[in-house]
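Spelled out, the chains give:
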Amino acid sequence: MPEAHQIDIYHVAKLARLDLTEEEAGHYGAQLDGILSYIDTLTRYDLDGVEPTAHAMPVYDVLRADEPRTGLSQDAALGNAPKRIKDQFQIPKVIE
Amino acid sequence: MLASSSLTALRKSISSGEITPRDIVLDVARAIESRNPDLGAYLSWDVETALAEADRVDTSKPLGGIPIAVKDNMNVIGQPCTCGSRILNENYVAPYDAGAIQRLRTAGGIPFGRLNMDEFAMGSSTENSALGTTRNPHDLARVPGGSSGGSAAAVAGDLAIAALGSDTGGSIRQPAALCGCVGIKPTYGRVSRFGLVAFASSLDQIGPVTKTVEDAALLLNHLCGYDSHDSTSLNVEVPDFTEAIGQDIKGLRIGLPKEYYIKGIHEGVAANVQAAIRQLESLGAVVEEISLPHTELGVATYYVLAPAEASANLARFDGVRYGHRSGSAGDLMEQYTRSRAEGFGPEVKRRILLGTYMLSSGYYDAYYIRAQKARTLIRNDFEKAFKKVDVIISPTSPTPAHKLGELKDNPLAAYLEDVFTIPVNLAGLPGISVPCGKVEVEGKALPVGLQIVGKALDEASVLRVAHAYEQSCKIGSLVVE
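Heads up: the protein sequence lines correspond to chains A and B, in order.
The opening residue of the first sequence carries number 1003 in this note's numbering; numbering runs sequentially from there.
The opening residue of the second sequence carries number 2 in this note's numbering; numbering runs sequentially from there.
What the hints contain is simulated information worked out from the structure, not anything from laboratory work.
Glycine included, each C-beta is placed from N, C-alpha and C at the ideal position.
Please note that a few of the clues may not be correct.
Taking CB as the label site, the calculated pair distances span [said to hold, decoys possible]:
1) A:Gln1008 - B:Gln248: 52 to 62 Å
2) B:Asp56 - A:Asp1010: 17 to 27 Å
3) B:Asp56 - A:Lys1016: 47 to 57 Å
4) A:Val1061 - B:Ser61: 47 to 57 Å
5) B:Ser283 - A:Asp1010: 56 to 66 Å
6) A:Gln1076 - B:Asp56: 24 to 34 Å
7) B:Glu289 - A:Arg1066: 26 to 36 Å
Covered stretches of chain A (chain B as the covering partner; in silico rule of three or more C-beta atoms under 8 Å from a C-beta of chain B) [said to hold, decoys possible]:
8) 1049–1055
9) 1059–1073
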């Protein structure tokens, strides 16, 4: 784990698809440094050879029968669309 | 005031024909209208729909005719589901019922009212809601806890008979403790998460917030059960939890983790919990000290796993299919970045950034995998302890409710308030908070909560101890001045 947490906050924000103002970037950057220093508690313990736990309960590889079943109607699925056109979600033009 | 009655008492009155479901809905609606302006527990409530359901509900069913208030992160068809966020506040209408809501309806319950919460359940005070302030019924200058703060304030303030909350790191138990009501987080996988807006999928669990332990057992009976729409749902038998109610606790073994006597614990909270332990001993329980040596890792582990999972889960808010879409975006990338910047509040942004950073290339092993390993150690601690004892007891929260604004913009201090509740989610265990007297703070009597944690799938023991304690205190019904 890195010693000092020099987060490139704009790079992280880009990965998170989040616009940040300059003020926000400074503010969150400093707060995240503090939180990450606390999280370094984890480096004080020897965790080599410990199996990671993803879920507390042992449920794995849940599959269902590959059969069609009814879901939302097209109208219901599109009901919350901020913009829709011709029964589809509308987004800004991607390809010129 | 029917709204101040317990669920169990109202069911008897309905069965005997004394009152009708319509009477209850109208009474709860009156309580909301008169007191919600002060408490801010509800974000919205639809009386007409609830009355229509009250008029046609089958009152012979186990929850027949009882209105249940719902945290605003569970989908109820035709109703809003804001998650306390601006990003879902404009026009989202739930297109289906969550799995837990389907079960509630099958048992005759009526979902009524949408309860305030920290935005996307991220917080322990409900101050992170973008849509309103919720206040503690015992002192309006104080927070109700969170993230299910609306659920606890509504139930403790007699604006609801009972409510549903969700608990990722203590979000049912901690507000129940701070408001003086009962809240139980079931074993991970007991209650379907289908239709619960995901925060941290490996930790989230729905559970009841109620006025009494008996009510919690009854409501839990009708929330649990397998749901094929949730791949983490457990396909196991659901016992009748109300059978645990009234059984004595003679010979039951109670563990007290020595690591839980931390600095910063409020003196009054510690004293009340000590008194509760003596009371449980007098009821015949055998109390012994146990060790959960990796307790110190709990909060750090949680604040890796929960933000990491949240950053992935909240990627779905992109302004395309639902939720806020920025009006100023030029291209698709701008639509994503601006819609999210305009829609999410500060704590959500903080956690998305934190989670994204920890999952990003070069940091994944150092944070995420390391935290998953620490999670194993925490889980093993509990497994070992439960070879010696039946339940583990601690305060629910190290302090009573703080004042509104007291921890504002100090996220780390706020995170540390969850020290006793977080390990329970990491290990997937059932835990309840039951009222444990009050402490005097600045002239106000503030509730304290006792947390009782059980083995996986052993909600029955948790409820049994909670009920025995509750009855011995005669604090089943809390009166709010």
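### Query
What hint numbers does the structure not satisfy?
2, 4, 7
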